[in-house]
Each structure stands twice: as structure tokens, then as C-alpha cells.
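Undergrad: Top to bottom, those sequences are chains A and B. Okay, so the first sequence: first residue is 1009 according to the working numbering, each after it adds one. Okay, so the second sequence: first residue is 506 according to the working numbering, each after it adds one.
Honestly, the hints are just simulated from the structure, not real lab data. Because the structure is a prediction, the values reported are computed rather than measured.
No more than 27 angstroms apart at the CA atoms, straight line, and that leaves these computed lysine-lysine pairs for DSSO-like:
id	chain 1	residue 1	chain 2	residue 2
1	B	K674	B	K510
2	B	K517	A	K1201
3	B	K832	A	K1024
4	B	K761	B	K517
5	B	K510	A	K1201
6	B	K671	B	K517
7	A	K1024	A	K1057
8	B	K671	A	K1169
9	B	K761	A	K1201
10	A	K1128	A	K1169
11	A	K1024	A	K1075
12	A	K1169	A	K1024
13	A	K1057	A	K1075
14	B	K832	A	K1048
15	A	K1057	B	K927
16	A	K1201	B	K671
17	B	K671	B	K510
18	A	K1169	B	K674
19	B	K832	B	K848
20	A	K1128	B	K674
21	A	K1048	B	K927
22	A	K1057	B	K832
23	A	K1048	A	K1024
24	A	K1075	A	K1048
25	A	K1128	A	K1024
26	B	K674	B	K517
27	A	K1128	A	K1075
28	B	K927	B	K832
29	A	K1128	B	K671
30	B	K848	B	K927
DEER-style ranges, computed between Cβ atoms:
id	chain 1	residue 1	chain 2	residue 2	range
31	A	D1196	B	R554	19 to 29 angstroms
32	B	T839	A	G1144	34 to 44 angstroms
33	A	S1162	B	D746	51 to 61 angstroms
34	B	P685	A	E1062	47 to 57 angstroms
35	A	N1146	B	T839	36 to 46 angstroms
36	A	R1155	B	D746	44 to 54 angstroms
37	B	Q509	A	A1210	20 to 30 angstroms
Just a few of them, taken from the derived set where beta-carbon distance is under 10 angstroms, the chain A residues facing chain B:
id	residue
38	C1087
39	F1115
40	L1173
Heads up, the beta-carbon is just placed ideally off N, CA and C, and yes, glycines get one too.
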Amino acid sequence: MQAFTTLTGIAAPLPKANVDTDQIIPARFLKSISRTGFGKNLFANFRYKEDGSENPDFVLNQEPYRKAEILIAFENFGCGSSREHAPWALLDFGIRCVIAPDFADIFHNNSFKNGVLPVKLPRAVCEQLMEDARMGGNARITVDLEREVVVRPSGEEIPFKIDPLRRHLLLNGLDDIGQTMQRAGAIDAFEAKRAAAQPWLAAPAEAPATPPGA
Amino acid sequence: MSGQKPRTLFDKIWDAHVVETLPDGTALLYIDLHLTHEVTTPQAFDGLRQAGRRLRRPEATLGVIDHNIATDASRYTGIVDPESRVQVETLERNAAEFGMPLIPLLDQRQGIVHVIGPELGRSLPGMTIVCGDSHTSTHGAMGALAFGIGTSEVEHVLATQTLLQKPAKNMKVEVNGTLPLGCTAKDIVLAIIGRIGTAGGTGHVIEFAGDAIRALDMAGRMTVCNMSIEGGARAGMVAPDETTFDYVRSRPMAPKGEALERAIAYWRTLPSDPGAQFDTVVRLEAGDIAPQVTWGTSPEDVLPITGLVPDPEAAEDEARREQMRRKMQYMGITPGQRLQDLKVDVVFVGSCTNSRIEDIRAAAAIARGRRVADGVRAMVVPGSGLVKAQAEEEGLDRILREAGFEWREAGCSMCLGMNPDKLTPGQRCASTSNRNFEGRQGPGGRTHLLSPAMAAAAAIAGHLADVRDFQPKGTV
Ligand code: SF4
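Throw the hints in and build the complete structure from the sequences for me.
TA: Right, here's the structure in full:
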């Protein structure tokens, strides 16, 4: 995973609440078996017209937002399905940070695992940042994970908080599977204890009868 | 244990699965059962392969193919869509390579992952259950802690049988009283979401309690828990009781004999202790619930079927007014319109919310002796091959076909637009699924969520209709 330390870039305003994962990446684009290539279908239902041409009204089709690295939105961002394709699509497009008043749980989790930083800031602050973002290419916003501050184009610094463990993993680009595997001893011990206490969990009692024709 | 602080059902299952607690309070949580399907796993297996990792406990993992596949006879001759085929073949290849048990596509036990887990007796009370799918919350009806995870977490569980998790907050949603005629578990959960909103449960695990929940059969409890995620919650659960144990007793893969009795003795200790603290409590009277239907593009946009399309001008602020106008434009509806006047093009009875035998019985009870309205495409998609076989044994397929419904093969079907069953732009659908987001059932499609009986009533009437005007003709 790519580490996230500090990012300075163009922020795209998306003044919507409840941006769900079906909007971020519609289900019909989930058929790929790789992690990349989803960026062209990010927000596909908004970005493209029915004939496949670009919708010039959608923010990510406008300059300078085609190069946005930050997205500003409103409440409950990422609600809906568990698809990790949502952060993959953001990342593949080039967006590495989403700022919103709050996030749906699974999306929030998935983002961290992919080096996309979700930053929670109060609605009023998001509205200010939305205004900053509307200023386009002249208004770069900085997201500094090390210091846990967002720096507005005016230089004003807005503090945010990220869970310390997640911050550590993200700053260092660490894979948490590797971290967990170092605890294999504890997992072994837990499994042994559990097998004794709840023997019925060991394996399914029996498979159903073989279906006809199988 | 005496002297211990009273705990909730969630607390007990959580505590029983903590392998270790990290200094910042994150728990390394042990996972008893990991269900997998073709859409959210290819990248996880790829990750394992790249790192040279294996499945820690293949026998605690079960794969099934459900999202991508056609629900007509074409599945028997090979998947037509090349990308879907690659995804399905990838799961089959990964299962073989990593030794993961997989229910083959043409096996009778194939079905929607959240239908087959409980049906086969793999999902049991007291378990931690995960799947790369948000509606994993369905399995919480068993009295389990079950939640959806992303693909990176799928990889984490495959490799370590654990997850890194922060404890959730406890929420209790209590529904008391008796459900009025024509109302079902689906109406309960839609009414709950209407009350708490789509973010009402964020950060919480919901325990559904109260005598109206206790009175539900397992299928009804699964419907309620299924849509916990639409209320923003990580998971939903119902404490295990005699209804649960009776259900488990007849499941093929569930423990049997002495092992089962020992398990039941343990499961009886799981319900929340008297005096256990919940961070949030919400109460509803079942008697106040009327058959529900959604009008907008979020599950919280829900009203009784007797209602009118709301007026955006009555909303509290401009942002909300604008949002409502946009929803109405998308849905092709106008303020003040009677919901019952909305003509439907498609009716879909299916999805992990409502595709169990009980749901199909409810639809058939309304369809019996009646005809689907002209110009309406109505389809019934059983949640699994076993549900399908059971329905056929009961003659439900015949009743539905005679009424003009399509009777299809098991799968996710028109719940999400990623297989051949899709709405076309502008089509209006009465759907028993769980999400009415823009484009969920196909680009430009308009979804109204409702119960199976209400869906059948809409199919017959040709427009959204009040199931209370459609009393069953005879018995099914
Ligand atoms: S039926 Fe729908 S909600 Fe359920 S698993 Fe399939 S796609 Fe997801």
C-alpha cells in the first residue's frame, strides 16, 4: 500500500449528502478481477451521458477538477454496499483524500486499507472547504496526516483526528495482514481454547445429500 | 458470571472472540465463518498469491456464486457475459487452488450467499460471521455477530481468520405489540429505517428486540437484520431463542445430537442480561405500522402505501428541498401524487431480503387465482436452489406461473444491475430488495421497496397497491 503523509492538491466540491457506493462505482463495473482500472468509471452515472459522452456539468469533467486529488462532500459519504471498488475507483482516478462530516463504516474502513484518507470535519468546516474548492486551480488544499491538519488556501489550519493505529499504518504504508501474522501464536492459542469449549464449531457436521445430477 | 457487569448479546459474542486487544483498543477478533462470493474476492486471492500466503482455515470458509449469474436456463449452457464468466471462473480456480469449499454453480444448494448460510446450517448462533458483502448482517438473525467487510479485509480473514476491529456501540430497537393484517417483517424494517434514517445506526450494532420481533419466524428476522445496513448499522442481531434452535435442528450442516444440545446450552447464555446498557434505544409500536413503500432514492424515503408523494416545499431547509426535488425528478413523480397511482413496469420478488420460502408463499398467496396486469413484467427469483425445490414441491411455482409471473433460477438477479436482469432507463419497479439508490437495478431504473405480498399486489394491480385490498383467495 502506498503511504500517505502529506498531500497538497486540487479539491473537487461534491456538495451532496449520502453519496452511496452505487454512485461512486455502479455495480455493472464491478466485474474486473484486478484492483486497477476503475477510475474511468468513477461516478459513471454522473460523468457520462446515456450515449457514453462526457457530461460537462459534472465536476470531475471540468478543469481543473479532472486532476483533483481531494474530494469534499457532505454527510454519510460511502453508504451502501461493502464494495472496496469504491476506494479503488477514487484512487485510480487520483483522489487520495475525501473530506466529509461523516462516513459510512465499511467505506471508512476500506479507504484506510487502500491509502485513501477519509477526514471527518464538522459540516460548517466542510462548507468552508467546499467554497475553497470552488475557487478551482488557484486554491490548493493541504492534508497533512503527520500533523493532523488540513491547511486551507488562506493558510488557516484545521485540526482533525485519525485513529492512532490507522494513522501509523497509513503513514508507513504498512500491510496489516503482515502485522497480524506476527500474532499467529496468540491465534493458535485462541483456536485451541475455542475448540475445547465449542467443539461444534470445528467443522460442519455433514454435507447435505448430493444433489440430483451432481 | 456473577458480579460481572450486565452485558448485551453483542458484548458477549464480541468478548468471546477477542484474541488480543491492541494498546489503542483495537481488537484482534476471531472469525468463525467466512462466506465468499465471486465479486469481492478475486483481488483478495491475488493478494494472497503475491505474498505466498495460504488460507488459515479453509474449512471455516465457504464460497458461492450468486451476483453475476443469469437466472434463466442460460446458466446451464455457460455464462454469456465474458466478464461475468471470468469472475465466476476465477472464484472456481481460486477455490481449487486454495482448498476453499465452494458450492458449484449448478449444485442445488447454490443460491444467494445470505440465504444459503442459514439454510444450510453453516451460520449458527454465537458465531462471528463475515463476508465481503454489506448484507452479511442478515445472519445476525441467527443470534450471531455478522457483518460485511471489504476486499482487503477478506484477504485478512483468509490469511489469518481474524480481523482488526474497534468495538461498536450498542443500539436496541424494540418493536412491541402485534403487527396489523397485511404487514410483515419488511414493513417493520422499512418503518424502522424511516424513523432512524440511513445514518441512524452508524457505529452501532443493532439488537432487534420486543415481542413483535420475537413473534417473527427466522425468515422474518433475517429480513429485518438484512436491512440493518440500510439504517447505517454495522450489523443487526436477534437474540437466539426456541424459534432459532428449532430452525437450526433441521439444517443439514448444523451440529447434531449431543453436540447440538451442548451448543444450545451455550446459546441460551447469549441473550442480553437484564440491565445491560445500550448506547441508543429506539421503540416502535408494531400496531402503528402500515404496509410500507419507498417513494425516493434512499431507503429512508418511506411512507405507508396510503400516503402521498411528499412536498419538498414543506422540508425544513433549502438543501433538503433541493435534494427532494432531485429525487422526485429521478423517480418521475410529483408532490401530492397518491403512491397507489404509480404505475409499475416491473415487479421483482427476490434478493437476500425476501427470497426465502416464506416470502414466496406470501407472494403466491396474493397471486393465486389472479392475473398479472397487462404490460407488467413480474418475476420471482428464489434465494436458493433448495428454496426453489421446496416451492415447486408446494406447487407455488404453478400458482405464480399461472398468474403470469416468471419463475426463475436462484441468484441476486435484479437486486443489483450486474447480471442480465436489469431495469432499462425510466422503468418503474416494485421490488422486494433492499436498495432503491439511483441506478441500483440498472441505469435510470426507478425502485420502490416493499414486501413480497405488496409486490405481488402491485403486479396484479399494475400500480403500487395496498395489499390489504387483496385478501388471499382460498389457502395456498
Ligand atoms: S441479493 Fe442483492 S443485496 Fe443480497 S447479496 Fe445479492 S446483490 Fe447483495
